[in-house]
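Trainee: Sequence:
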Amino acid sequence: MLPDDVPTVWFSFGCLAVLVLSLWTVPYGHYAFTDGELIAESGRTVAMSTKLPFTVMLLLLIGAFMLAEVARGLVHIPKAKIVLSVFGYYLHSF
Numbered sequence: 011m012l013p014d015d016v017p018t019v020w021f022s023f024g025c026l027a028v029l030v031l032s033l034w035t036v037p038y039g040h041y042a043f044t045d046g047e048l049i050a051e052s053g054r055t056v057a058m059s060t061k062l063p064f065t066v067m068l069l070l071l072i073g074a075f076m077l078a079e080v081a082r083g084l085v086h087i088p089k090a091k092i093v094l095s096v097f098g099y100y101l102h103s104f
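Counting with this note's numbering, you get residues 11 to 104 for the letters of the sequence shown.
Quick caveat, the hints were computed from the structure, so don't treat them as lab data. Some clues are possibly wrong.
[What the hints assert, rightly or not] With beta-carbon atoms standing in for the labels, derived distance ranges:
{"hint": "1", "residue 1": "L84", "residue 2": "A50", "range": "45 to 55 Å"}
{"hint": "2", "residue 1": "S95", "residue 2": "G39", "range": "47 to 57 Å"}
{"hint": "3", "residue 1": "S95", "residue 2": "G53", "range": "49 to 59 Å"}
{"hint": "4", "residue 1": "T44", "residue 2": "F64", "range": "18 to 28 Å"}
{"hint": "5", "residue 1": "D14", "residue 2": "V96", "range": "35 to 45 Å"}
{"hint": "6", "residue 1": "F64", "residue 2": "I87", "range": "53 to 63 Å"}
{"hint": "7", "residue 1": "M58", "residue 2": "H86", "range": "40 to 50 Å"}
{"hint": "8", "residue 1": "H102", "residue 2": "A78", "range": "21 to 31 Å"}
[Stated by the list, open to error] No farther apart than 20 Å at their CA atoms in a straight line, the calculated lysine to aspartate or glutamate pairs in the EDC-like style are these:
{"hint": "9", "residue 1": "K61", "residue 2": "E47"}
{"hint": "10", "residue 1": "K89", "residue 2": "E79"}
{"hint": "11", "residue 1": "K61", "residue 2": "E51"}
Every residue gets a Cβ at the ideal spot worked out from N, C-alpha and C, and that includes glycine.
Go ahead and model the full structure; you've got the sequences and the hints to work with.
Mentor: Here you go:
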């Protein structure tokens with residue numbers, strides 16, 4: 011039985027992590043075109059040029075989320091609203 015409030019963000023991160031993990035473990039096969047011919051190598055995992063960027067993006071996403079949670083706890087909200095409003099006003103004038 012699930013609790014009343016499911017942590018949606020962490021659930022989403024978990025689903026994405028399972029998908030990225032499958033790139034590293036599941037032998038989807040390696041398919042490519044070379045000189046106009048299809049090369050199909052079944053039984054291999056996806057190329058490193060696909061696995062590594064998706065892994066790095068997932069780690070950056072989780073790291074940025076955790077950093078934002080820490081920053082949210084350190085920032086005084088009313089003062090931040092004033093600073094962002096003034097900054098937005100001047101930025102909007104450009």
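Trainee: Next, verify each hint and record whether it holds.
Mentor: Hint by hint, here is what the structure shows:
1. Taking 45 to 55 Å as the suggested C-beta distance range, the pair L84 and A50 conforms, at roughly 53 Å.
2. Evaluation of the 47 to 57 Å hint for S95 and G39 yields a pass: the beta carbon distance comes to about 54 Å.
3. Here the CB-CB span from S95 to G53 is close to 58 Å, well matched to the stated 49 to 59 Å.
4. Roughly 23 Å separates the CB atoms of T44 and F64, a value that falls within the hinted 18 to 28 Å.
5. Taken as a hint, the range 35 to 45 Å holds for the pair D14 and V96, whose Cβ atoms sit roughly 39 Å apart.
6. Between F64 and I87 the beta carbon distance is about 35 Å. The supplied range of 53 to 63 Å is therefore violated.
7. The hinted window of 40 to 50 Å between M58 and H86 holds, with their beta carbons roughly 45 Å apart.
8. Distance hint check: the CB atoms of H102 and A78 are about 24 Å apart, consistent with the given range 21 to 31 Å.
9. Among the hinted pairs, K61 with E47 is inconsistent with the structure: their alpha-carbon atoms are about 24 Å apart, more than 20 Å.
10. Taken as a hint, the K89 and E79 pair is honoured in the structure, with Cα atoms around 17 Å apart against an allowance of 20 Å.
11. At roughly 17 Å between alpha-carbon atoms, K61 and E51 fall within 20 Å of each other, so this suggested pair holds.
Consistency with the previously given hints fails for numbers 6 and 9, ordered from lowest to highest.
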